[in-house]
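Colleague: Chain by chain, the residues run as shown.
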Amino acid sequence: MIHVVRMAIFLMGIFLLSLLIVLLMNPHVIRSLPLMDDPELQSFKTMFVSLTLEALPFLLLGVLVSSLIQVFVPESWIRRIIPRHPLLGAIVASLLGIVFPVCECGMVPVARRLIQKGFPVYAAVVFLLAGPIVNPVVYSSTSMAFRATPSIAYSRMALAVLVSVIVGWMLLRFVRWDPMRPETRVRLRNHDRGHNHDHHRHSHRHNEASSKWMETLDHAAGEFFDMGKYFIFGAFLTSIIQTFVPRSVMLDIAQSDGAATILMMAFAYIISICSTSDAFVASSFASTFSPGALLAFLVFGPMLDVKSTWMLLSVFKARFVALLALLTAVCVWMGSRLFEMLM
Amino acid sequence: MQPRYFAHYLLRAALSGGFTLYIVHLVKSGKLMYYIAPRMETIVKLSAVALALIAIYLVFAALWALQGTAPSCGCHHMPGKSPVKNTVAYSLLAAPLILGWFVPDAVMGSKVVDMKGIVLSKAPTSPAVSTPPGETVNPPSTAGDPQPVFTSDDPFAAQYSKFAERLFAQDPIVIKEDTYLEAISAIDLFMEQFQGKAIKISGFVYRQEDMSDTQFVVARLAMECCSADATPYGFLVEWPEAKTLPEDTWVKVYAAISSSMFGGMEIVTLQASRVESIEAPETPYVYPNYDVLDNLQP
Chain B
1 MIHVVRMAIF LMGIFLLSLL IVLLMNPHVI RSLPLMDDPE LQSFKTMFVS
51 LTLEALPFLL LGVLVSSLIQ VFVPESWIRR IIPRHPLLGA IVASLLGIVF
101 PVCECGMVPV ARRLIQKGFP VYAAVVFLLA GPIVNPVVYS STSMAFRATP
151 SIAYSRMALA VLVSVIVGWM LLRFVRWDPM RPETRVRLRN HDRGHNHDHH
201 RHSHRHNEAS SKWMETLDHA AGEFFDMGKY FIFGAFLTSI IQTFVPRSVM
251 LDIAQSDGAA TILMMAFAYI ISICSTSDAF VASSFASTFS PGALLAFLVF
301 GPMLDVKSTW MLLSVFKARF VALLALLTAV CVWMGSRLFE MLM
Chain Z
1 MQPRYFAHYL LRAALSGGFT LYIVHLVKSG KLMYYIAPRM ETIVKLSAVA
51 LALIAIYLVF AALWALQGTA PSCGCHHMPG KSPVKNTVAY SLLAAPLILG
101 WFVPDAVMGS KVVDMKGIVL SKAPTSPAVS TPPGETVNPP STAGDPQPVF
151 TSDDPFAAQY SKFAERLFAQ DPIVIKEDTY LEAISAIDLF MEQFQGKAIK
201 ISGFVYRQED MSDTQFVVAR LAMECCSADA TPYGFLVEWP EAKTLPEDTW
251 VKVYAAISSS MFGGMEIVTL QASRVESIEA PETPYVYPNY DVLDNLQP
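Protein chains in written order, with the numbering used here: chain B, 1 to 343; chain Z, 1 to 298.
No wet-lab data here; the hints were simulated from the structure. Be careful, since some hints might not be right.
Said to hold, decoys possible - Using 30 Å as the maximum straight-line C-alpha spacing, the simulated BS3-like pairs for lysine-lysine come out as follows:
#1 Z/K81 x B/K317
#2 B/K229 x Z/K45
#3 B/K212 x Z/K45
#4 Z/K243 x Z/K200
#5 B/K117 x B/K212
#6 Z/K45 x Z/K176
#7 Z/K81 x B/K229
#8 Z/K81 x B/K212
#9 B/K212 x B/K229
#10 Z/K85 x B/K117
Stated by the list, open to error - Computed footprint of chain Z on chain B; a stretch qualifies when at least three of its residues, placed anywhere within it, have a C-beta under 8 Å from a C-beta of chain Z:
#11 25-31
#12 50-57
#13 224-234
#14 272-285
Unchecked claim - Some chain Z residues close to chain B (C-beta under 7 Å, calculated; not the full set):
#15 R12
#16 Y35
#17 I36
#18 M40
#19 I43
#20 V44
#21 I54
#22 A89
#23 W101
#24 V103
#25 Q159
#26 C226
#27 D229
#28 T231
Model, not experiment: these values are computed from the prediction. Just so it is clear, CB atoms sit at the ideal spot from N, CA and C, and this is done for glycine as well.
Here chain B stands alone, though its shape is the one from the complex:
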């Protein structure tokens, strides 16, 4: 009986696979269906594909760097980068993004890898928050978009450093439990064990150096698929929001500047734009919102949005992510109100 069922499933699988191959070779069959002309479907697809494509290079770069760190950088180095003193350590961590300018999509795999190699967790969080903002690429795109008001560009950098250091310090002081998801820890242990184990079974077809490159590639490929599925889900959600929720719903003018600031933060969270181009979007609101609200948009968005929340959840426990989000939101709000008074 089992044999028959297995046979049936197998044949079904072959049939479906052949169908898929035929369809792939003849896309016009599907493309010409009237359903495909639905403008909302097309908008959604454009958004979704566009988000995925523009993030691919940064995701790949992130997993590549993460893998290189895994294979080539000894733990002793990692532990030595961050000064012992928490405040100093946080400041150094917030500036690390300068050497590594990518979207938040690329940062999460690197941060995870650093933690697994002994980087203090609070420093990794500071790096995750400040990295997407405090770098030359984002600085130049911000000053370009706000040509006449350079104060926006350097306020953005300053506020990012301030918020990330404060949040990192608070997490260090108040979080006494392990913030990492169990799988992340387990992987590290298995990995160490596995290395010793497999060396006996290796058919030594490569010499030491090239097998390290193979290892990097193996790690990178695996991590790409690990992180990729979280990222794509975030992109999927973002595309749904961008296709079906009009901006006007999100931007109905708030009564006070304080409320407008919260609004811009919520907007930044929901639309999930990369930090390299969000200045462009913010500049189109320059006439409607106060500089403080714009600053909040520019600082909160890259730190936390639909996509990055999802990716954080793949590394950290939900409780930790919630705490992180809350602290960041409060700090950004207060910080941007403060900066507005000073600007």
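Got chain B sorted already, so can you dock chain Z onto it with the hints?
Modeller: Same frame as chain B, now just chain Z:
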């Protein structure tokens, strides 16, 4: 080292390879710009190369898995056993490819503009000319006034002075694609000085619900890196036959610059003398120009 990894490696190789082929397809069919701004094209092409390398590696890894040999250290990043989780995960990864391949490529148009909201005026403050409420249209002032002065107390507007002067020197003012955003900003910021000037501008037709039968917007979508940040810009056009123009069709508008009250703000309004249908341009979107404003030739 389990042989079931063979299926996973193979599937992952197919997905990686699929992304590579999809990017190549978009580049060859010239449709990549529907999704990505030109400045991002190089790195997206590079990621196609990287994904190809990953795909090739994964095929080898799959073969080694079949032989029962660990490639180097296959003890992590390996998927769990749950068929449900795996199906969801791989479907998510395949989703952009499936949608990308089977849904036709479309240029973003009115539907997207509806969602994002069009920007008809960037001027932070209205100019000194006040229009009594209820009056909808200012008659354009006669051309032939002496060269107006393009100065402003607002530092944002002052940046556009030189560019606005060069624009003003044209007759008619022709809005070019590579300086589109800068040109409409200059005109918007120095609305008064540009009153009465003849202008030629192209875009697609967009209509908002609160527009009258003689109004439409000649719009363009501006993109900086990808469609998520795309923002619609345009000028309001007054033309008696506006109602006959279907949304999303491409037109060239020949008009005189004036202004009117719309949505409680004074905005640039084009009094059209002629509206021609045109072919959709090769490059449907416009991009910010990164050259120094003072040196920019309109």
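Colleague: Take the hints in turn and mark each one as holding or not.
Modeller: Hints and how they fare:
1. Z/K81 x B/K317: Roughly 22 Å between the alpha carbons, so the hint for Z/K81 and B/K317 holds.
2. B/K229 x Z/K45: Since the Cα atoms of B/K229 and Z/K45 sit roughly 21 Å apart, the hinted pair holds (cutoff 30 Å).
3. B/K212 x Z/K45: 26 Å, holds
4. Z/K243 x Z/K200: With Cα atoms ~20 Å apart, Z/K243 and Z/K200 stay inside 30 Å; holds.
5. B/K117 x B/K212: 17 Å, holds
6. Z/K45 x Z/K176: 28 Å, holds
7. Z/K81 x B/K229: Within the cut-off at roughly 16 Å; holds.
8. Z/K81 x B/K212: 28 Å, holds
9. B/K212 x B/K229: Holds, at roughly 26 Å.
10. Z/K85 x B/K117: Holds. Z/K85 to B/K117 sits at ~28 Å (cutoff 30 Å).
11. 25-31: Result for this restraint: holds, n = 3.
12. 50-57: This one holds; 7 residues, not fewer than the three required, reach chain Z with a Cβ under 8 Å.
13. 224-234: holds (count 7)
14. 272-285: With 9 residues in contact (Cβ-Cβ under 8 Å with chain Z), the coverage given for the region 272-285 of chain B holds.
15. R12: 6 Å, holds
16. Y35: 4 Å, holds
17. I36: 6 Å, holds
18. M40: 6 Å, holds
19. I43: 4 Å, holds
20. V44: 6 Å, holds
21. I54: 5 Å, holds
22. A89: 5 Å, holds
23. W101: At about 6 Å, which falls below the 7 Å cut-off, the nearest Cβ of chain B leaves the hint on Z/W101 intact, so it holds.
24. V103: 4 Å, holds
25. Q159: 5 Å, holds
26. C226: 4 Å, holds
27. D229: 5 Å, holds
28. T231: Nearest chain B Cβ about 5 Å off; hint holds.
Hint check: no violations occur; every hint is consistent with the structure.
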